[in-house]
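Q: Listed below, chain by chain, are the residues.
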Amino acid sequence: MLLSSASLLSAATIHMLPRPQLLISSLALLCMMHASLAVAQALPSPDQGRLLATGGVTQLEGAGGGGLTPWATITGYGSEDSYGMTAHVTQVGTQDYRLRTAGVAIGIADRLELSLAKHRFTGSLAPLDKLELQQDILGIKLKIAGDLVTDQDSWQPQVAIGAMYKRNHAIKGLEALGVTSVKQLGAINDSGVDYYLSATKLLLEHSLLINGTLRLSKANQMGLLGFGGDKRNRYQLLPEVSLGYLINRKLVAGLEYRSKPQNLVVDNEKAYYDAFLAWFPSKTVSLTLAFAHLGDITVFNPKNQRGWYVSLQIAQ
Amino acid sequence: MKIYSYILAILLSVNTAVHAQSGTASLYQDLGSEAGISKIVDESIIIFLQDARIKDSFKETNIPRLAQLLKEQFCVISGGPCKYSGDDMKVVHQGLGINAAQFYALAEDVQIAMDKLGISSATQNRLMALLAPMKRDIVFPKSKT
Numbered sequence: 034m035l036l037s038s039a040s041l042l043s044a045a046t047i048h049m050l051p052r053p054q055l056l057i058s059s060l061a062l063l064c065m066m067h068a069s070l071a072v073a074q075a076l077p078s079p080d081q082g083r084l085l086a087t088g089g090v091t092q093l094e095g096a097g098g099g100g101l102t103p104w105a106t107i108t109g110y111g112s113e114d115s116y117g118m119t120a121h122v123t124q125v126g127t128q129d130y131r132l133r134t135a136g137v138a139i140g141i142a143d144r145l146e147l148s149l150a151k152h153r154f155t156g157s158l159a160p161l162d163k164l165e166l167q168q169d170i171l172g173i174k175l176k177i178a179g180d181l182v183t184d185q186d187s188w189q190p191q192v193a194i195g196a197m198y199k200r201n202h203a204i205k206g207l208e209a210l211g212v213t214s215v216k217q218l219g220a221i222n223d224s225g226v227d228y229y230l231s232a233t234k235l236l237l238e239h240s241l242l243i244n245g246t247l248r249l250s251k252a253n254q255m256g257l258l259g260f261g262g263d264k265r266n267r268y269q270l271l272p273e274v275s276l277g278y279l280i281n282r283k284l285v286a287g288l289e290y291r292s293k294p295q296n297l298v299v300d301n302e303k304a305y306y307d308a309f310l311a312w313f314p315s316k317t318v319s320l321t322l323a324f325a326h327l328g329d330i331t332v333f334n335p336k337n338q339r340g341w342y343v344s345l346q347i348a349q
Numbered sequence: 800m801k802i803y804s805y806i807l808a809i810l811l812s813v814n815t816a817v818h819a820q821s822g823t824a825s826l827y828q829d830l831g832s833e834a835g836i837s838k839i840v841d842e843s844i845i846i847f848l849q850d851a852r853i854k855d856s857f858k859e860t861n862i863p864r865l866a867q868l869l870k871e872q873f874c875v876i877s878g879g880p881c882k883y884s885g886d887d888m889k890v891v892h893q894g895l896g897i898n899a900a901q902f903y904a905l906a907e908d909v910q911i912a913m914d915k916l917g918i919s920s921a922t923q924n925r926l927m928a929l930l931a932p933m934k935r936d937i938v939f940p941k942s943k944t
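Read top to bottom, the protein sequences are chains A and B. First residue of the first sequence? That's 34 in the working numbering, and the numbers climb one at a time after it. First residue of the second sequence? That's 800 in the working numbering, and the numbers climb one at a time after it.
The reader is advised that the hints may include incorrect statements.
Said to hold, decoys possible - Derived CB-CB ranges, DEER-like: (1) B/851 to A/120: 24 to 34 Å; (2) B/889 to A/247: 33 to 43 Å; (3) B/859 to A/151: 44 to 54 Å; (4) B/867 to A/284: 27 to 37 Å; (5) A/159 to B/915: 50 to 60 Å; (6) A/345 to B/851: 22 to 32 Å; (7) A/247 to B/894: 34 to 44 Å; (8) A/178 to B/845: 34 to 44 Å; (9) A/131 to B/867: 56 to 66 Å.
Hints in this document: simulated from the structure, not taken from any laboratory. The beta-carbon is built from N, C-alpha and C at its ideal position, and this holds for glycine as well.
Please model the entire structure based on the sequences and the hints provided.
A: Written as structure tokens, this is what we have:
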């Protein structure tokens, strides 16, 4: 059946393409089908095969990691022979703003992670009490070296590269000021891509987890205020650090730091910090509680925004 | 910012304190020496044999012999005065077709056994640090690490 549909597709391309391309495209098609068939055979059902907590939680932009920062870990508990899926909801509430995120992700063969998340950021203090910013984030992450758990006898961390495509929606709640796009606040684009490299080292000997991430980004407030700006419009290399202590098999406490660009005149953007406690009662659910420090979000409200971060992750 | 420095300091001192407590005592002593390791292994095996994920792998295993070898091995790797009388890990596991999920299930069962016996998490993790790299010699042939 697969073969017949492959030949059907190849037959269809015969009429559309000159000869050399025809051969290449048919070959590519067959390769793709073979690959997807192989993947389908290799991945029967989620095995939840890895150790508790090794998939991390879900960070703000939907990738597996800590709360603020993507780690080199692959989301969920699928082993190298399987896959795992996660869904999450997160809320960060500060004095004057609230960010809600929700998303789903899949980790394939403990190597590749794909994620989709949605942000909804709202204000509660006039004149921004009607403000609503939204964005969608599509993420991909590939583990390229090392293994978090088994590399205990060397300094090799687990290393992954990743990208996040972000698309900002129209601004709501500032219509009275005639503002409906982040571009009117100084951003150059309403969509953008972040690239990152993460190295995560689990030091079981010391019950410590250390993550360092280098992110290339133009995103203002993660992209909620667009990409690039009137002050600066080029990619910057931004370090992010997480440190965790394994209190026991089910409980991890730690700190995170994430540096940010300052591209906009209207936003003297600050680094994010948090102190977190992540609880993994089982492989199907985790709950993260953190106290987060997001800095001042706009020059119109210089108050440092701080508040509780709560995140629930369901894994399969 | 200050609050985070405090928390960082607390985290680091907790970690240092945990290690200061164990001081120069070897992992072997922290596991309760011969008697402690014996209990850990016996408890672990009870859990292995009830664990649907792995119990079938032990169908043809000589359990008393397995217990003996695990006790010797845990003793040796934790710095105890023992000799491991079994064969090389790689040789023993070749052809058994143990996959990654089964390896981690086994590791998890050892953790659960240690939880039951009230062994501190820091000590458990020190043993796990020594067991985890063995995945390379136990999981064939798909292991990429």
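Q: It remains to establish, for every hint, whether it holds in the given structure.
A: Here's how the hints hold up against the structure:
1. B/851 to A/120: 24 to 34 Å: holds, 26 Å
2. B/889 to A/247: 33 to 43 Å: holds, 37 Å
3. B/859 to A/151: 44 to 54 Å: For residue 151 of chain A against residue 859 of chain B, whose Cβ atoms are near 52 Å apart, the range 44 to 54 Å holds.
4. B/867 to A/284: 27 to 37 Å: Given about 34 Å between the Cβ atoms, the range holds.
5. A/159 to B/915: 50 to 60 Å: The hint (50 to 60 Å, Cβ to Cβ) holds, given that residue 159 of chain A and residue 915 of chain B are roughly 57 Å apart.
6. A/345 to B/851: 22 to 32 Å: Taking Cβ atoms as reference, residue 345 of chain A and residue 851 of chain B lie about 28 Å apart, which means the hint holds.
7. A/247 to B/894: 34 to 44 Å: 43 Å Cβ-Cβ, so the 34 to 44 Å window holds.
8. A/178 to B/845: 34 to 44 Å: holds, 38 Å
9. A/131 to B/867: 56 to 66 Å: holds, 60 Å
Checked against the numbered hints listed earlier, the structure breaks none of them; every hint is satisfied.
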